[in-house]
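Count along the sequence shown from 1, then add 112; that gives the number in the working numbering.
Quick caveat, the hints were computed from the structure, so don't treat them as lab data.
Honestly, I wouldn't trust all of these hints.
[Unchecked claim] In silico EDC-like pairs for lysine to aspartate or glutamate, Cα to Cα no more than 16 Å straight-line:
{"no.": "1", "residue 1": "K142", "residue 2": "D159"}
{"no.": "2", "residue 1": "K142", "residue 2": "E165"}
{"no.": "3", "residue 1": "K142", "residue 2": "E154"}
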Amino acid sequence: MPAETHSNQPITRHEIASLIATQLAEILEKDAGDIVESASFESLGADSLALIELVEALEDELSERASGFHIDDEDLEDLQTVADAVNYVAAKLGVS
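Let the hints inform the model, and build the full structure from the sequences given.
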């Protein structure tokens with residue numbers, strides 16, 4: 113079930129992708145423009161600690177827009193690419 117949103121403006125898939133790229137770029141000290149959806153976390157040099165930081169950043173950012181937004185730890189191991197993360201967050205928020 114999608115999380116309840118607080119904003120009048122629903123978030124778009126593009127905004128989710130941009131948010132993930134921006135947060136990941138900050139964590140990995142890379143340019144956000146270099147982080148494309150087809151990239152694997154491994155190819156970007158994102159280890160498990162970086163992914164945990166990404167999850168925390170996304171939960172902090174998206175909790176302002178969606179009540180109770182949370183990424184389950186057991187789901188994290190299934191996310192191998194940036195696109196996986198974008199699709200996962202979009203599905204949790206009910207964005208198509």
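To see whether the hints hold, each was checked on the structure:
1. Pair hint K142 plus D159 holds up; C-alpha atoms about 14 Å apart against a cutoff of 16 Å.
2. For the hint linking K142 to E165, the alpha-carbon distance of about 15 Å falls within 16 Å, and the restraint holds.
3. At most 16 Å may separate the alpha-carbon atoms for a hinted pair to count; K142 and E154 meet this at roughly 14 Å.
In this structure, every one of the numbered hints holds.
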